[in-house]
Every structure is written in structure tokens, then in C-alpha cells.
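Visitor: I would like the entire structure built from these sequences, with the hints used as guidance.
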Amino acid sequence: SKMSEQLKFIVEQLNREPFKKNFNLITFDSLEPMQLLQILNDVLAEIDPKQTLDIREEMPEQTIKRMCGLLGMLKYKPPGNPSDVSTFRQGLVSGSKPVVHPILQWLLQRVPELKKRAYLARFLVKLEVPAEFLQDDIINDTYHQYEELVEGFKNYHKECEQLRTSGFSTAEIRKDIGAMEDEKDQLIKRVERLKKRVESVSNHQRMLEQARQLRVEKEREEALIHQKQEQRNQLFQAEQRLQRLQQQLKDLRQAAADANPESLMKRLEEEIKINSYMVSEKLPKELESMRRTVQYLQKTASEPAMGQADIQELEDKIKEVDSQINQLIEKRMMRNDPMDDKLTLYRQQASIIIRRKESKAEELQEAREELAAAERELRQRTNRAQASGGEEVVRGDELKRLVAKLRSKGTVYKKKRQEMAELKAEYGVLQRTEEILKERHDTVQQKLQSVEAEKGISGYSNTQEELERVSAIKSELDEKKGRTLDDMSEMVTVPMGHRVKKLNSMIVEKKSSLAPVIKELRSLRQRCQELSQEYEEKKAQYESCTAGLESNRSKLEQIIEMQIQRAAEEMKAYVSSDPQERKKAIREVYMKNISEQELLGKKLREKQKMVRESHGANMEQMKMWSDLEQLMECKKQCFIRAQSQAPIGQVIQEGGEDRLVL
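Mind the numbering: the sequence shown is residues 1 to 662 in full-length UniProt numbering, read in order.
Worth flagging that the hints you see were computed from the coordinates, not collected in a lab. Wrong hints could be hidden among the right ones.
Derived lysine-lysine pairs resembling PhoX-like cross-links, with alpha carbons at most 20 Å apart [unchecked claim]:
#	residue 1	residue 2
1	539	555
2	154	115
3	510	218
4	539	415
5	416	405
6	299	97
7	414	424
Keep in mind that this is a model prediction, so the values were computed, not measured.
Guide: Here is the structure:
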């Protein structure tokens, strides 16, 4: 039931971090009211650390006031009648389970969200200053400064949240900054070396100035190319917008051409009828149904937990009511009134029309809600796009191209992710192989050291490794010296202008090649995180929907198979040439029962007729028997009276015989 699910959820959450209460359903349900309030206070303290205290050291009124204040700040709404606040406070004071358990469930379902809300409330819940105090200039200025600080905190918090959700990693940014600083130091050193080399060249200042002008012109050329590309994009967007506006104008002209007064009036009348039906019939029915559902749920929630015996009793009652309904249906079928048959047909047609009307109204309402949601989403996206770049939302063919591009990127992303998973698996295998090889190397090294100690040449292998390392360093230094000599020879042989031009081109080329890659990498990282989150959400929705549809499909298949089997058996029995088989058909059985019941009704009507005809004579005969009975009773009384008055020895003549009375 709902109560047991609630208790189970509360116990599971309290047994986890950070509470670690180690409860079970029985121990939690048997807690005293004071202990239950302490558990509630511990959960509130996890949300707001200022609530951490022992409620036994605090007055009950202060405890309830503090808890109600925090719950109000967290926007908790008690179940039931919202206006019945006194009952809620009394239940909270007494530690009532129907009051405390829903609070615990509501808090434990949204602890991170409530932590954030409690943190923000410390800065955003404004102080209420009476109006008479605000007349003072100093207090008024201070209050305005306070409001400005609150607004500033809102803006800073919003920027902080945007940075947290932007997908940029501080570690990666620091790493990029460090790499750029190293590159900057290397370039500065290289420039200093080049300056020293070119100082001996004549007219080096003039050459440097020309190189600087060349760099400026190239940057200007790149800016012009970029500006040209932006103008092309703006022209393309303007053309797209013009096409959309032309299409809208064409649609409006067609609508205006088809719109005459009669069609407009007819359309308005249909819309008024639909709205009237929605307001007067459909919505009140739905509202009343929801109210009944809420009342039923409140009644169910207020009742104690049901045991197996209660459930069995309810099932028995349901079976009994079903049997009574079946009996009433059979009696109605036996009556077989032709007027009722006609009315039943009309009722069925009316119910079918009503159901169709309700279904169409529901489809209309759903379509209106979807249209309103789509329009809201369109407005939001348009506003975001205009706020970010001052451009409208892309539609039409451009949108299709973007969707196709997104799908292709999604396919590439899935492929890359699979490759990453394979590389991670291979990396794990290689890491394990490296560990095994290190262990073997250590073992071999220990054996080698023991052999060297036995031979009296300890440290030979270490010395050999050191010599190899020194020789490797020497060869690396020789290679660097060779490159330096090559650079110097190139500096000597190549003119200064060409050298500067070559260096500048190399620097520009590297920057231009790295900048879009870094920019695209950042956007792809953010997009990767968004797609991963969306994929997990869609996957969970798909799995839950698939499970529900699969269970419904299996149930429907079982029902359909049973019905098909029954129909096949009925058809087989009905078309069979064997009379015994045909008698087993449901139609034959019902026809036989109907004929038997009709015969029984005929006999009962004949008997009723006979009873009516003999009713008068029977009543008269019954009256005669009653008179006879009274006469015999009178004779009996007379005989008893005469017998009691007769003297002893008197002979009484009775029935023609003499009898002596003693």
C-alpha cells in the first residue's frame, strides 16, 4: 500500500549517507513521538546546518515555530486541506506519524534541491522593515543598499551556475594557460636570440618595420575575410527570412480569399460550440472525477495499513457484488421486453456518440496543449537566439540541414565513443601487462644482484645502465648542437627579411591551425556532456516505456488468444454435423435455457390463472370451514360447562347412548 511504500522509502534513505540510522520498518514504526521529531530535526539539520541541536534542550513551542518557519521557507505544502493549519501544527507538536512521515518523505526526495534553496534563502529572503521606519533617510538608504546587494548576489549566483554548467574544466584551462606561458617564454627567448643575431645586419630596423607592417596587413586581410563571411551569412539569413515572409504572406492571402462572412460565422459557431461543451460538460466532469479521486486517495491514506485478512475480505465482497450484478443482468435478459430492447439500442447508440464526442474533445485539448507548448518553446528559443547573437531561429531547409548534420555528428560521436571504450579496455590490458612485466623485472633484478654478489662484481649492472644513460644524453646533446648549427647556418645564408617572414608565417600558421581546433574541441566537449546526459535520460525513458508496453502487450496477447480459442471452439461446435457436438455450443446452450425458461414461465402463468379463477370459491370454502370451526368450539365449551354442572350419578345422554357420570 501507499503507507508501506512511504515507510520503506524513508527507512532506505535514513540508512544511507549521511544519516546512517540503521533502521528497519518495525523499529522505525515503533519510534516514540519525541524520537520521530528528533529524526525530522536531523534531516532538517542536513539541509540547513543551523538547525543542528537536541530538541530536548529546547521548548516545544520554539521547536515547532523553528520547524514550521524552515518548512515554509522550503515551500512545503501539507497534504489535505491547506487552510487547516492548526491541525497540522498540533500533529507536529505531538509527533503524529500521519503528519511527520509525509514531511520526511518530501524532504528526503529532494535533499540537494532543498540544500540549495536553504542556502539561497539566507541571502534572498528580504527583511521586513515597517513603513514608518523607512521614513528615516539613513534607514531608507541602507535598505536600498541592502536590496542592491541582494540583486547583485542573484546575478553573481546566476553567473556561477552558468560557469558550473558550461562544461569547462578549470584543470584543463590551467593546463592550457601553463602550456601557453611556456610557449610564450620559448618565443620570447627565441626572439631575443634572433634580435642579437640581426643586430649586426644593416638596415635591420627598416626590415623589422616592414615585417611589422606586413603582419598588420595580414591581420587586416583576415579581418576582412571574416567580415565578408559574416556578411554572406547575414545575406543568406535575410534571404531565408524573405522567403518565409513571402510564404506567410501567400498563406494569409489565400486564407483571406477563402474567408467570406458565412464561413467565418460558421467557423466561429463551431468554435463556440466546442468551447461551450468543454466548459459546461467535459471540464466539470473531469474536475468532479479528480475531486472524487483525491477524496478517495485521502480516505485511503488516512486509513491504517491493511493486512492480508482485510484484503481477502474486500475480495470476497467484490465477488459477492459481481455475482449480484450478474444475477440482475440475467433477470433483465429473461424479461425480454421489446420496448426495452429498442431503448437499449438507442442507449447504446447514444453512449457511442458520447464516447466519440469525449474522445474528440480530448484529442482537441491535447492538440491545443501541444500547440501552446510548441509556441512557448519557439518563443523561448527565439528570445535566447536573439539575446545571444541577434539572429532569428533557423527554420525550413536550413533546419533540416542542421538536423542532418547533427545526426551525422551523433553517429560520429557514437563511433568515437566506442573507439574510446575499446582504447580504454586496451589501456587496461596494457597497464596490467606493464605491472606483470615490472614484477618480472624486479624479480630478475633481484636474481641479477644476487648473482653479482656471488661473483664479486656487485653494482656492475647499475654502472652499465648509468653509462648507457650518459651516452644517450650525450647523443641527444650532439643532436641539439647539430640543429643549432643548422639554424645558425640558415640564419647566415638566408636573408633577414625572409627569416622574419618565415618565422611570422610559422607562428601565424600554428596559431591559426590550433585556434579552431581548440574552439571546436571545447564546444564538442560541452556538446558531448549534453548528449551523454540526454542519452541517459532517453535511455531510461525508453527502457521504462518498453517494459510497460511489453507487459501490456503480453497481457493483451493472452486475452486475445483465449478469446480466439473460445471463438474457434464455438464455431467448430456450431458448424459440426454431430448433434452432440452442436449441443455443446454456447448458442445452443443459451437457446435451450431460454426455451426452458419460457416453458416454465408459461406453466407458471397457467397456474396463476387457475389460482385466480378458483380464488372466490376457495375463499368461500375457507370461510365455511372457519364457521364450522367456531361452531365446534362452541359445542365443546357447552359440553364442558354442562359436564361441570351435572350431579354425581346423573346419566347424560350423548350421541344416543346413556353414560353414567360419577
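Visitor: Against each hint, give a clear statement of whether it holds in the structure.
Guide: Consistency of the hints with the structure:
no.: 1; hint: 539 / 555; in the structure: violated (24 Å)
no.: 2; hint: 154 / 115; in the structure: holds (17 Å)
no.: 3; hint: 510 / 218; in the structure: holds (15 Å)
no.: 4; hint: 539 / 415; in the structure: holds (18 Å)
no.: 5; hint: 416 / 405; in the structure: holds (16 Å)
no.: 6; hint: 299 / 97; in the structure: holds (16 Å)
no.: 7; hint: 414 / 424; in the structure: holds (15 Å)
In terms of the numbered hints stated before, the structure departs from hint 1 and from no other.
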